[in-house]
Amino acid sequence: MFIFNKFFQVGLVLCLSALPVRSDRVLSFADHLFVVGQDEEAITEYKRYVFFHSEDPENTVGYAYYKMGLAYRNQSRWDEAIAMLQKSVQSENEERVRDERRITLGVTLIACGRFGEADFLLLKIEIFSPFDETIKKASFFRGICNLYTSNWAEARTAFQSYFRGQRPETGDLEMKVDELLSQAPKIGYKSPGLAKALSTVVPGLGQIYATDWAGGINALVINAAMGYLVVHDLAQKQILDAVFNALFLFERFYSGNRQNSEEAVTRYNQNLNRQFVAQILKILERVDK
Amino acid sequence: MTASLLGTFRPAAGQEIVYFSPENILRFADALFQEKDYGRAAAEYRRYLMTGDMPSTTAASIYFKIGLCYRLAQDYPKSISVFQTIIEKHSQSEAAEDSFYQVAYNHFLWGRYEDSLSLVDSFLPRIGPPEKKLKLLQLKGMNFLYQKKWQQADAYLRILSETAVPDPLTATMKTFAEQGQRLPHKSPFLAGVLSGLIPGMGKIYAGRTSDGLFSLFTIALTGWQAYEGFHKDGIRSMKGWIYGSLGAFFYVGNIYGSIAAVRIFNEQSENQLLQRIGMTVNVYFQ
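As you go down the protein sequences, you meet chains A and B in turn. Sequential numbering from 10 applies to the first sequence in my numbering. Sequential numbering from 5 applies to the second sequence in my numbering.
Hints in this document: simulated from the structure, not taken from any laboratory. Watch out, some of these pointers could steer you wrong.
With a cut-off of at most 25 Å between alpha-carbon atoms, the simulated BS3-like pairs for lysine-lysine come out as follows [to be verified]:
| id | chain 1 | residue 1 | chain 2 | residue 2 |
| --- | --- | --- | --- | --- |
| 1 | A | 185 | A | 195 |
| 2 | B | 82 | B | 69 |
| 3 | B | 93 | B | 136 |
| 4 | B | 243 | A | 246 |
| 5 | A | 246 | B | 236 |
| 6 | A | 133 | A | 195 |
The following residues of chain A were derived to be distant from chain B, with all beta-carbon distances above 10 Å [said to hold, decoys possible]:
| id | residue |
| --- | --- |
| 7 | 35 |
| 8 | 61 |
| 9 | 141 |
| 10 | 198 |
| 11 | 200 |
C-beta: ideal position from N, C-alpha, C; glycine also.
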């Protein structure tokens with residue numbers, strides 16, 4: 010998430026740099042409070058501004074909503090941040106600014122894990138925005154969004170769109186990102202089905218396949234002990250005891266072992282995805298430098 | 005959310021806005037209050053109080069709004085403190101009389117029913133208008149209801165409906181008190197005894213039949229296995245001790261579980277009634 014935060018900040022700087030200087034006293038004060046990190050106080054002043062300027066012809070109310078959205082976002086109050094950013098989009102007349110705010114909204118949706126909504130919003134900007142720069146930003150963040158959902162093909166398309174027409178020196182980075190994403194389906198995922206099958210045959214083998222050695226040995230030892238108990242009862246011709254131990258003890262640990270093997274593989278694959286995403290984000294970091 | 009703020013203030017064309025004039029601060033505070041942004045509204049009302057000297061009645065009414073903000077933001081200690089300030093410093097104002105009720109009501113909302121009851125009793129002689137007196141008396145009834153003292157609530161509300169002006173709210177509260185007395189009540193002691201005699205019976209008594217049957221089955225099976233072990237190998241039987249301990253553990257757990265199940269049953273039926281009371285009656289208490 011650290012690397013994402015860097016992009017988050019870059020996005021914020023990109024958006025803030027496009028903003029005009031405010032002359033109103035309350036708005037300037039609110040901006041100052043926002044800059045020094047007093048978000049709650051800043052929100053109060055922005056609200057005051059909105060209250061007294063609800064019919065402002067210069068659309069500064071949209072700006073106040075936008076900054077309120079950012080202030081809420083700084084406090085991880087996602088629902089309020091999203092509501093304010095949506096208002097700022099609705100109350101803005103200038104198309105370019107509206108699209109910039111949509112991107113900020115998209116970034117906020119990514120930050121709070123609402124990837125589906127973020128992807129849809131950013132895709133809409135890519136398709137309908139008339140501004141090349143905005144389209145590029147949307148592509149970039151859509152790529153990031155798809156990285157987080159392990160949607161490699163979509164991420165690849167989005168980054169290809171982002172790099173198209175970029176400065177020549179980024180060509181090398183583009184190639185690296187594209188190459189990595191093209192290899193994504195072959196990064197060595199393990200099969201949950203195979204793990205389950207292995208653990209069905211030899212308890213613990215599925216966990217070992219998922220490199221969870223401790224879990225595998227634990228499952229093997231426990232199941233062997235329970236199995237021995239059942240076999241011992243059978244050898245002693247204590248059928249009822251065998252049935253009882255098989256149903257109450259062995260079955261429980263055996264089915265648990267099979268389920269755990271699947272979960273171990275899922276964890277393994279998720280870890281693999283995280284490492285892969287970190288690798289790509291590290292390359293993308295250099296784009297902004 | 006902030007949409008309610010829009011359109012509430014219209015400066016004249018070309019007029020410069022004086023944001024921090026007393027009337028504008030008050031307007032903004034009222035807008036925040038309407039928007040249910042109570043924390044910010046309270047701060048703005050306080051700012052308004054700092055703008056200069058004002059008559060005691062005005063100051064009391066602003067303090068009253070601050071108290072309401074805190075109460076609605078569920079910050080009861082702060083709210084109580086503000087209403088007590090009104091009672092102490094603006095005792096001649098109309099807001100002071102309403103503050104008595106607010107202090108007691110805050111304690112009620114805070115779940116401190118005994119404190120609320122004693123405050124109602126101490127405030128009553130200081131209240132003049134009969135409708136305000138009735139509101140306070142009804143709050144006392146609510147305190148009894150929320151303490152689940154159904155009988156006491158019923159007796160109290162009966163006297164209230166006979167002595168005070170007939171009021172539909174009192175009648176409704178009395179109906180709830182009667183319903184409270186008729187709630188099905190099961191005995192945790194009986195549940196424990198039943199489960200001690202026949203494992204699972206206490207849970208069946210509490211209305212959890214499948215849970216009870218499962219307890220019976222589990223304890224019977226472990227008990228039987230323990231018996232088999234001891235019967236075959238005597239006191240040194242490992243199997244006997246393992247299943248015996250397991251069975252004893254299940255047996256004790258089954259008794260404890262039965263008592264808990266009955267308590268949950270009683271609590272659930274009482275809470276359902278309290279929920280209905282809340283939905284029906286709370287709207288009258290503000």
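Evaluation of the provided hints:
Under the criterion of a C-alpha separation no larger than 25 Å, the hint pairing residue 185 of chain A with residue 195 of chain A is consistent with the structure, at around 16 Å. For the given pair, residue 82 of chain B sits about 12 Å from residue 69 of chain B by alpha-carbon distance, which is consistent with the 25 Å threshold. This hinted pair checks out: residue 93 of chain B and residue 136 of chain B have alpha carbons roughly 21 Å apart, not beyond 25 Å. For the suggested pair residue 243 of chain B and residue 246 of chain A, the alpha carbons sit about 16 Å apart, so the restraint of at most 25 Å is met.
At roughly 14 Å between alpha-carbon atoms, residue 246 of chain A and residue 236 of chain B fall within 25 Å of each other, so this suggested pair holds. Distance hint between residue 133 of chain A and residue 195 of chain A is unfulfilled; the C-alpha atoms sit about 30 Å from each other, more than 25 Å. The non-interface label for residue 35 of chain A is inconsistent with chain B: the shortest C-beta to C-beta separation is roughly 5 Å, within 10 Å. Listed as a non-interface residue, residue 61 of chain A fails to keep its Cβ farther than 10 Å from every Cβ of chain B; the least gap is roughly 5 Å.
Against chain B, the non-interface label of residue 141 of chain A holds: every CB pair exceeds 10 Å, the least being about 33 Å. Listed as outside the interface, residue 198 of chain A is consistent with that label: its C-beta sits roughly 41 Å from the nearest C-beta of chain B, beyond the 10 Å cut-off. At roughly 37 Å from the closest C-beta of chain B, the C-beta of residue 200 of chain A stays outside 10 Å, upholding its exclusion from the interface.
Hint compliance for this structure: hints 6, 7 and 8 are not met, and every other hint is.
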